[in-house]
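In order, the protein sequences belong to chains L and B.
Going by my numbering, the first residue of the first sequence is number 1, and it counts up by one from there.
Going by my numbering, the first residue of the second sequence is number 1, and it counts up by one from there.
Some clues are possibly wrong.
[Stated by the list, open to error] Here are the computed distance ranges between Cβ atoms for each label pair:
# : chain 1 : residue 1 : chain 2 : residue 2 : range
1 : B       : R446      : L       : E193      : 42 to 48 Å
2 : L       : G41       : B       : R352      : 34 to 40 Å
3 : L       : S107      : B       : G69       : 40 to 46 Å
4 : L       : M210      : B       : A618      : 51 to 57 Å
5 : L       : E177      : B       : Q385      : 47 to 53 Å
In case anyone wonders, no lab produced these hints; they're calculated from the structure.
Computed from a predicted model, the values in this text were never measured in an experiment.
For each residue, glycine too, the CB sits at the ideal point set by N, CA and C.
Letter by letter, the chains look like this.
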Amino acid sequence: MKFAVVVFPGSNCDHDAYYAAEHVLGQQAEFIWHKDASLKGADVVILPGGFAYGDYLRTGAIARFSPIMAEVKKFADAGGPVLGVCNGFQVLLEAGLLPGAMLRNRSVKFQCEQVLVKVEQTDTPFTSACRPGQVLKMPIAHGEGNYYAEPEVIARLDRNRQIVFRYTNAQGIPTDESNPNGSLANIAGLCNEQRNVVGLMPHPERACEMALGSVDGLILFESVIKSVSQGAVSNAEASAKAVAVAR
Amino acid sequence: MTVAADVLDRHGLTLDEYQRIVEALKREPTMTELGIFSVMWSEHCSYKSSRVHLKTLPTAGPRVLQGPGENAGAVDIGDGLAAVFKIESHNHPSFIEPYQGAATGVGGIIRDIFTMGARPIALLNSLRFGPLQDALVRRTFSGVVAGIAGYGNSIGIPTVGGEVAFDESYTGNPLVNVFCLGIAAHDDIIKGVASGAGNPVYYVGAKTGRDGIHGATMASAEFDDKSAEKRPAVQVGDPFMEKLLLEACLEVMKTDALVGIQDMGAAGLTCSTCEMGSRGGAGVDVDVSLVPQRETGMTPYEIMLSESQERMLMVVKRGREAEVERIFEKWDLHAVRVGEVTTDGKLRVRNRGEVVAEIPNRALTDDAPVYRRAMVEPAYIKEAQQLSLAALGKPVAADEAFARLLAAPTIASKRWVYRQYDHMVRTNTLVMPGMGAGVVRVKGTRRALAMSVDCNGRFVYLDPYAGAQLAVAEAARNVACAGGRPIGATNCLNFGNPEKPEIMWQFARAVEGMGAACRALDIPITGGNVSLYNETDGRAVLPTPVLGVVGVIDDADCVVQRGFRDEGDAIVLLGESLDELGGSEYLKTLHGIIRGVPPVLDLHREAALHEVLLEGAASGLIRSAQDCSEGGLAITIAECCIGTGLGARTDVSAVASAAGFSDVATLFGESASRVVVSVAAQREAELLAMAASAHLPARRLGAVGGKRVQIAIEGRMVIDQPLGEVERTWGTAIERYFERAKALA
């Protein structure tokens, strides 16, 4: 299975995502430069963490204009699995592939630490191997992860079961103490309505080996490997091409 | 002479030095030339006061691939790889503008590492501030931490450890020392040389502005109440630009199209051109009108002296220009040809073709002035070394002293600091910050690297020779505790004004001590940095020669951490406790004094300790290890419990055997070369035997277990606190200073 790891100027978790896919999970991984015009036959697309374009304006605000984002959109529209991690999540928000926006953490500081998140939905390609309500330990590392959306958007996300991860305590209860950054409704991660695009602030790629403190992030990779190999998500690039031809 | 005295003064040059310039040029210098000489001959760039002393340090060894004199040192770590590392100070800018001063310090040291062809993988920092009660100190502290975080996090290099200490002497002059380590294949190491006449010289990176002009000169003078006016001499960092430069440079280096490369740090274009030329025995001819400029109307003087950040100078092999330019274009950077290498050994600066400066490179570098400055033992030393415990009155209860030490900012948890640093990016971090040495694995090998930066300025203040030795021993010990064999070091020597004979004496004695300790422990120093003039209104900081030690762990699965592991494990103290309290955190926190003589250090014993730690780590015998430093044995035992959910039941009578030992010295004395380890109960005898055969004292103190930190002496329970309370006291002390201030506001 082939993972495409998109590299924006300023991406800095690109190597970590690549390493997790290629070396920890034994899959094929390839870096895709943001100026490229093709995802090169990838089965899964990862938008990694970092500070794309320095994040001097708003996080992800410039990266969404990178040439590769048109391909990522096509891939997503065709049902291909896309995972945005941290800055990648912020890019997905700016690109309109997921709703809402990020504010600065309520501490007004960058925070790097292990957090707990509960898997709220297991019918996405990245959580299909999870137990409903499973609590995962993964690190966060961000200054702007305080998720915000209008109340009606939050209500809609809830109704459509698009809230995939919430910050919780070990019992899976979303308390204020377990919310590291002030995110509304303790939202740590979302999916789109089609459920194939998932974004989250915690870093699953940093939680794939016990030596690093947790292996709970593995299940996101295992889920998508399972989903793709079982055909639960289509070979999106092929369908994207078909869609394009049909148009 | 045609130059007015005030012009020389503004350039930090003496009349003598001016005459040397005239001799070197065989004529009067132009203003541009005067500016160039002034920055290259500043203390910061020339090491004119320190050079004679630094020459005595051990710098060679079988693993050393690159010693001092390059952008960074390099040592062999096996598997055909090198660890490339260096530490550097950014003290002066960080006081004037904490965020940008610290941020650009991080940027500068990272450039030094990737300039050598190495991929930076870890950062550490060694920080000193005044007491946190002071609002200005809190502002400086917050700003520095945010600046380090802002730069390191953005560029994606984890800050994996370090140290932070607090003392009044740093109130008006904080110390910000940043260490960076990178990995390179031996064959990929590239140097800062210019050679091959006719090879083009390229400039790449940020445009040049008027920021930072005379930054190096600023770092070579004391602070006074006009220091705020120097703010324009502090540069602004752009970590995104640096990230692009880092990736683009590493990509270009893979092509073999470069002859040499150097970053433009202190003294900017001036330093990079003349140093590269000098190292390569060549000349460099540049035209400043070709340099990309951010502002209009810049003079050659300003362009040559600007310290704008994120700029690199490269010498490219002739015929390979297009290849190099293409790679930079990929990263949206524009490499610009600004000159070429010549054969005449001169730095020639032109402006639209017209020569505005022409100076032999050697006059600026190797032939810069060297001073053997006057030295005299400071009068305070003999007096400060006197310590009478009786005069301090009746000691407070051990339990109370313990709690106050746990909350002392120098000892307390630094989570408030390192939570702001991305310490996990690159997925190599095996030991979290705040737990002793930083440890990162080296992907593609079985190895890991342990690294630690240490110095106790109080010890150095009381006895510079002994204090510097203790700094070496502590840094190496921290690395050995993690299971790493120390293989190289870098130093950052922070002192006051070297023109004062007392300061120069401190400096010289410290360097002597550092050299002796490094020789005894077989740790070569491959480079570093000297920061002098750390004074405000005539008062110097505690002399603070920070040592950064790097060690190799052959099997990354054998990393040892500080926390206890299992109920019932035996707690053993390796090393010997003496009746010592000199320079201790106890005296500072409980009595507000820095007095006495520093702990005695036996370097043979220290080396033996390291061998036991390494053997115990590699064989899996030692399950946890933590060195005894500030706060002594009692604090160390607490640190081993914190975060593990496990308490300790100990009786430390065995270490207090000598007559006349006070409880205070037993619990809080900071005797050197001691480590608290834990070992499975059934293997305790094995460990004691191993220590005995190394002639290392080792005594059982008790067992891991329960939910309390308990320390008894001869049956008397002297410290007994619930683990939760210990963790709260220690864990929230620094945050509480900010909360208290907020509550008052």
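Verification of the hints:
1. B/R446 with L/E193: 42 to 48 Å: Given range 42 to 48 Å: holds, Cβ gap about 47 Å.
2. L/G41 with B/R352: 34 to 40 Å: 53 Å, violated
3. L/S107 with B/G69: 40 to 46 Å: 44 Å, holds
4. L/M210 with B/A618: 51 to 57 Å: At roughly 20 Å between Cβ atoms, B/A618 and L/M210 fall outside 51 to 57 Å, so the hint is violated.
5. L/E177 with B/Q385: 47 to 53 Å: Holds: the Cβ-Cβ distance is about 50 Å, inside 47 to 53 Å.
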